[in-house]
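**Q** So the protein lines, in turn, are chains R and L.
If you count by the working numbering, then the first sequence holds residues 251 to 365, one letter each, in order.
If you count by the working numbering, then the second sequence holds residues 24 to 138, one letter each, in order.
Honestly, I wouldn't trust all of these hints.
Which bits of chain R does chain L cover? Going by a derived footprint, with three or more residues having C-beta under 8 Å, they are [said to hold, decoys possible]:
(1) 289 to 301
(2) 333 to 345
(3) 355 to 361
Capping the alpha-carbon separation at 30 Å, the derived lysine-lysine pairs in DSBU-like fashion look like this [as the list claims (entries may be wrong)]:
(4) LYS93/L <-> LYS269/R
(5) LYS78/L <-> LYS96/L
(6) LYS96/L <-> LYS286/R
Derived by calculation from the structure, the hints in this document are not laboratory data.
The beta-carbon is built from N, C-alpha and C at its ideal position, and this holds for glycine as well.
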Amino acid sequence: DTEVTQTPKHLVMGMTNKKSLKCEQHMGHRAMYWYKQKAKKPPELMFVYSYEKLSINESVPSRFSPECPNSSLLNLHLHALQPEDSALYLCASSQPLAGRTDTQYFGPGTRLTVL
Amino acid sequence: AQTVTQSQPEMSVQEAETVTLSCTYDTSESDYYLFWYKQPPSRQMILVIRQEAYKQQNATENRFSVNFQKAAKSFSLKISDSQLGDAAMYFCAYRSGFGNEKLTFGTGTRLTIIP
Numbered sequence: 251d252t253e254v255t256q257t258p259k260h261l262v263m264g265m266t267n268k269k270s271l272k273c274e275q276h277m278g279h280r281a282m283y284w285y286k287q288k289a290k291k292p293p294e295l296m297f298v299y300s301y302e303k304l305s306i307n308e309s310v311p312s313r314f315s316p317e318c319p320n321s322s323l324l325n326l327h328l329h330a331l332q333p334e335d336s337a338l339y340l341c342a343s344s345q346p347l348a349g350r351t352d353t354q355y356f357g358p359g360t361r362l363t364v365l
Numbered sequence: 024a025q026t027v028t029q030s031q032p033e034m035s036v037q038e039a040e041t042v043t044l045s046c047t048y049d050t051s052e053s054d055y056y057l058f059w060y061k062q063p064p065s066r067q068m069i070l071v072i073r074q075e076a077y078k079q080q081n082a083t084e085n086r087f088s089v090n091f092q093k094a095a096k097s098f099s100l101k102i103s104d105s106q107l108g109d110a111a112m113y114f115c116a117y118r119s120g121f122g123n124e125k126l127t128f129g130t131g132t133r134l135t136i137i138p
């Protein structure tokens with residue numbers, strides 16, 4: 251069983267909607283990640299939070315807004331998305347250790363469809 | 024920049040047989056990690072095995088083992104006694120040892136298990 255949970259499993263939204271994806275990890279990790287995965291492609295990194303601070307933003311459009319309210323929660327706020335943003339959104343977490351970060355563990359993903 | 028190449032888009036193996044998935048990578052770094060993740064139709068990215076570049080010994084996890092050839096920059100995954108539950112997309116991934124938390128994925132190999 252995964253210790254990284256994501257809600258919702260599926261989300262359908264219109265281009266004018268505002269929605270949020272949620273991720274929670276129960277492993278005490280202090281680094282959390284958002285990835286976007288299109289069909290038949292590998293995941294692409296979007297954001298990294300380390301100790302609740304945004305450490306990497308891979309030039310993601312501003313219609314995606316991450317938030318890390320505490321060390322176990324990670325949100326991705328969505329607004330004015332485009333149909334090409336339809337994808338599987340994966341959350342992952344890892345434990346920073348002496349300047350390194352350990353293995354990333356992934357949640358089950360949220361399948362997003364933008365109409 | 025690091026790159027990861029998986030030259031086999033699809034592979035198939037008879038149940039109970041052994042299969043090897045190929046992965047090569049390109050890097051100028053000496054300190055890094057390599058991973059194999061599997062992604063079954065359920066979409067969950069599951070860690071299969073990881074290898075630290077400074078370790079000469081090949082990693083093993085039950086039926087899964089790697090052949091890590093650092094000089095050749097090769098990192099193949101061997102699955103012994105293949106089972107139906109092994110059917111999935113397999114991604115090879117690279118991560119720098121320090122500072123850079125980004126996972127660089129290969130394009131994946133879809134493994135089919137023939138009963």
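**Q** Can the restraint linking LYS93/L and LYS269/R be considered satisfied, given a maximum Cα separation of 30 Å?
**A** Roughly 45 Å separates the two Cα atoms, so the pair is violated.
**Q** Quick one, are LYS96/L and LYS286/R close enough, alpha carbons at most 30 Å?
**A** 27 Å, holds
**Q** Do three or more residues of the stretch 289 to 301 of chain R come closer than 8 Å to chain L, measuring C-beta to C-beta?
**A** holds (count 7)
**Q** At a Cβ distance under 8 Å, does chain L reach at least three residues of the stretch 333 to 345 of chain R?
**A** Coverage by chain L holds here, the residue count being 4 at a Cβ distance below 8 Å.
**Q** Starting from LYS78/L, check that the Cα of LYS96/L is at most 30 Å away, please.
**A** Holds, because 14 Å separates the two Cα atoms, which is no more than 30 Å.
**Q** Confirm or reject the coverage of the stretch 355 to 361 of chain R by chain L under the rule of 3 or more residues with a beta carbon closer than 8 Å to the chain's beta carbons.
**A** Result for this restraint: holds, n = 6.
Violated hints amount to a single one, hint 4; each of the other numbered hints is respected by the structure.
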